[in-house]
Amino acid sequence: MAYKYCTATNWGKSFFTHEERRQFHLSGHPGEVWVVGDNLYGDQWISKVSGAIKSKAEAQAIVTGEIEAAQAAYDALSAEQQAQQARPAIYNLP
Amino acid sequence: MSVYKEIKGFKVQTLSTDTAASQFAGGAWASGGSLNTGRSAGGGTGIQTAALYIGGDPVGPSGALNEEYNGTAWTEKGDLNTGRGNNLGAAGTVTAAIGFGGYGPSSVLANTESWNGSSWTEVNDLNEARQALGGCGTSTAALAVGGQPRPPVTANTESWNGSSWTEVNNLNTAREELDAQGTTTSALAAGGTPPVTGNTEKWNGTTWTEVSPMNTARSSGAGAGADNTSVLFFGGSPSNKANTEHYNGTVWTEIADLATGRSSLAGDGTSAAALAFGGSVSPKAQTEEFTAPATFTKQNLGQVYYNSGSNAFKVTQQAVPGGTWASGGNMNTAMGDNAGFGIQTAAITAGGTTGAGNYQNNSELYNGSSWTATPTLNTPRRASTGIGTSTAGYIVAGQTSGGGVIAQVEQWNGSGWTETTDTNTATRGRGASASGTITAAIVFGGHPSRALTESWNGSAWTEVGDLNEGRMLMGGMGVQTSALASGGDDGGGGGSGVVSVESWNGSAWTEVNNIGTARYGGASAGSQSSALYSSGSTGSGLLSQVEAWNGTSWTEVAEVGTAKRKTCGAGVATLAIKMGGQPNTTSTEEWTVDQSNNTITVS
Numbered sequence: 001m002a003y004k005y006c007t008a009t010n011w012g013k014s015f016f017t018h019e020e021r022r023q024f025h026l027s028g029h030p031g032e033v034w035v036v037g038d039n040l041y042g043d044q045w046i047s048k049v050s051g052a053i054k055s056k057a058e059a060q061a062i063v064t065g066e067i068e069a070a071q072a073a074y075d076a077l078s079a080e081q082q083a084q085q086a087r088p089a090i091y092n093l094p
Numbered sequence: 095m096s097v098y099k100e101i102k103g104f105k106v107q108t109l110s111t112d113t114a115a116s117q118f119a120g121g122a123w124a125s126g127g128s129l130n131t132g133r134s135a136g137g138g139t140g141i142q143t144a145a146l147y148i149g150g151d152p153v154g155p156s157g158a159l160n161e162e163y164n165g166t167a168w169t170e171k172g173d174l175n176t177g178r179g180n181n182l183g184a185a186g187t188v189t190a191a192i193g194f195g196g197y198g199p200s201s202v203l204a205n206t207e208s209w210n211g212s213s214w215t216e217v218n219d220l221n222e223a224r225q226a227l228g229g230c231g232t233s234t235a236a237l238a239v240g241g242q243p244r245p246p247v248t249a250n251t252e253s254w255n256g257s258s259w260t261e262v263n264n265l266n267t268a269r270e271e272l273d274a275q276g277t278t279t280s281a282l283a284a285g286g287t288p289p290v291t292g293n294t295e296k297w298n299g300t301t302w303t304e305v306s307p308m309n310t311a312r313s314s315g316a317g318a319g320a321d322n323t324s325v326l327f328f329g330g331s332p333s334n335k336a337n338t339e340h341y342n343g344t345v346w347t348e349i350a351d352l353a354t355g356r357s358s359l360a361g362d363g364t365s366a367a368a369l370a371f372g373g374s375v376s377p378k379a380q381t382e383e384f385t386a387p388a389t390f391t392k393q394n395l396g397q398v399y400y401n402s403g404s405n406a407f408k409v410t411q412q413a414v415p416g417g418t419w420a421s422g423g424n425m426n427t428a429m430g431d432n433a434g435f436g437i438q439t440a441a442i443t444a445g446g447t448t449g450a451g452n453y454q455n456n457s458e459l460y461n462g463s464s465w466t467a468t469p470t471l472n473t474p475r476r477a478s479t480g481i482g483t484s485t486a487g488y489i490v491a492g493q494t495s496g497g498g499v500i501a502q503v504e505q506w507n508g509s510g511w512t513e514t515t516d517t518n519t520a521t522r523g524r525g526a527s528a529s530g531t532i533t534a535a536i537v538f539g540g541h542p543s544r545a546l547t548e549s550w551n552g553s554a555w556t557e558v559g560d561l562n563e564g565r566m567l568m569g570g571m572g573v574q575t576s577a578l579a580s581g582g583d584d585g586g587g588g589g590s591g592v593v594s595v596e597s598w599n600g601s602a603w604t605e606v607n608n609i610g611t612a613r614y615g616g617a618s619a620g621s622q623s624s625a626l627y628s629s630g631s632t633g634s635g636l637l638s639q640v641e642a643w644n645g646t647s648w649t650e651v652a653e654v655g656t657a658k659r660k661t662c663g664a665g666v667a668t669l670a671i672k673m674g675g676q677p678n679t680t681s682t683e684e685w686t687v688d689q690s691n692n693t694i695t696v697s
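These protein sequence lines are chains A and B, in that order.
So that you can map any letter, position 92 of the first sequence is 92 in the working numbering, and since no number is skipped, the others follow by simple counting.
The number in the working numbering is simply the position in the second sequence, starting from 1, with 94 added.
Simulated from the structure, these hints should not be mistaken for laboratory data.
Every residue, glycine too, gets a C-beta built ideally from N, C-alpha and C.
There's no promise every hint is true.
[As the list claims (entries may be wrong)] A partial selection of chain B residues facing chain A, derived with a Cβ cut-off under 10 Å:
no., residue
1, GLY449
2, GLY585
3, SER631
4, THR680
5, GLU684
My request is simple: use the sequences and hints to build the entire structure.
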């Protein structure tokens, strides 16, 4: 499946609708990054939310940066606090 | 003694068509006769069986064209005196109509022409020349609404009395490429641009009032409706939308799509018998007729019937695997490791963290569209569990500032939190029979991998049968006498999660079928017989996957929009809400399963 990548701020209700979820792939990631199915409906949604188009590499860099910040926060925790949660892991966008 | 039903069986109602949620939801678009000259952005008026299509782009030879529909075919009639397109206004019938405004041949027009069934006569102009406006009414009582005189757009409304236009109160939101339906005393204006909007305003003869917007924002669509209590809106831009929505005087609901999605089309008729014609999609001549059944059988959940048209037995049901997630209203405070309870349209979230060590006492109430801060918890905490409804519930145990685990329970009465009887064991990360009541509930598990279960009778907690597998941060669903514990972590919140699921019968836990993907800290909702377990953590990774329980096994269903860990859920398996979660967020998501008529296989 082909995807487009954008950043957009989730304003809440109607940011994405049930109908839109049926029409195209949509997944949110750290840094307000959205992976959007590359079809007409996905394009319409990006337009609706005034999404800022990113290349996959740009989107990945945002996500990675956010996770690295979370990892740094985790690393700063005490050993006791670290034992209560797992260290965030960097992953690849689809 | 023999029972008559066992001998003769049950009677099943025979229907010629499927049941429907409403008259309009039961309607559908069918093809009509094609225009003789394909074009877009003309003016449409009349009814489904007697309509006019006036002017249209491209301005030039076709801009003056006028065609009449008789319910079957279009016939060319007398041309306008001044050719025009770009969504002029139109009002009236095939024997008495007016066309006004628009663009052509080289300027925005104020020009109004009157049709007597055979020819057009120039009459008094609009006060403000404009194109891309909305028009509705009759040849003797019409409205010209909004449009574009030349940038910027206008909110201007004018009323036609059969001989002249008078300025009346403006729209609240100036726009062009909108649609207007109704009369001079009861009209609706919807959609438009810029920016593209679903904004809807209702006219009462004197003023415009903003009402609920369309579900799909768009401009350059068309509509049909006799007044502002029942209106259709179809097609539109951006792109070529096929969406049709029905306005019932209060809200818009999506109904059957046009066969050919398009913009800059024209429409007329009523909400039960509408016509869509012309538009942006080549050859621009397509006509579609919408007909809503005069009589229909309203959908009832669980109803079984025989459809004689399709020769099939059907049942109206909510099939959980068919559900979808949509964004819900944002909470006021970004929160993770929070607890919640209630239903999708009336939920509470309380406690949580805004960051490492920042344990919170904040509490918010959701009404189905927005969150409101409520009085705060008495004790800040995270990793609590929630039970009850938006008017009567509990937040149980957790971890408070400084790192200590607590047994404290706080009761929500719809307006504030009060401390009540502690649990026997202080711990965090418990599950609960989230649909329990303030007099009957259980909590189970806890940090780091507890198996204990405590039962609440309204005044005291009593230890009852342990889980078979100790765990924390599991999904908890159901009530005091029939609950479900799904997934969780047996590694103190730093593990990779478990797949096991246990079912509670009021006295003991029994292992049942596992979830497909090990996880903890997900959002749960539902009961022992129908549940949802969403998102969560595998340890270092986040899951967007959602699994649905049908009382026997788990099935993967539509994924959440954004994966979260240490999130919380509320509601039932057909209407649920996921609230907050880590990385900390204000966002919520709503799970909805629509009713559908499904064929029953009879062997």
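Legend entry - Violations among the numbered hints, reported as their numbers in ascending order: Violated: none.
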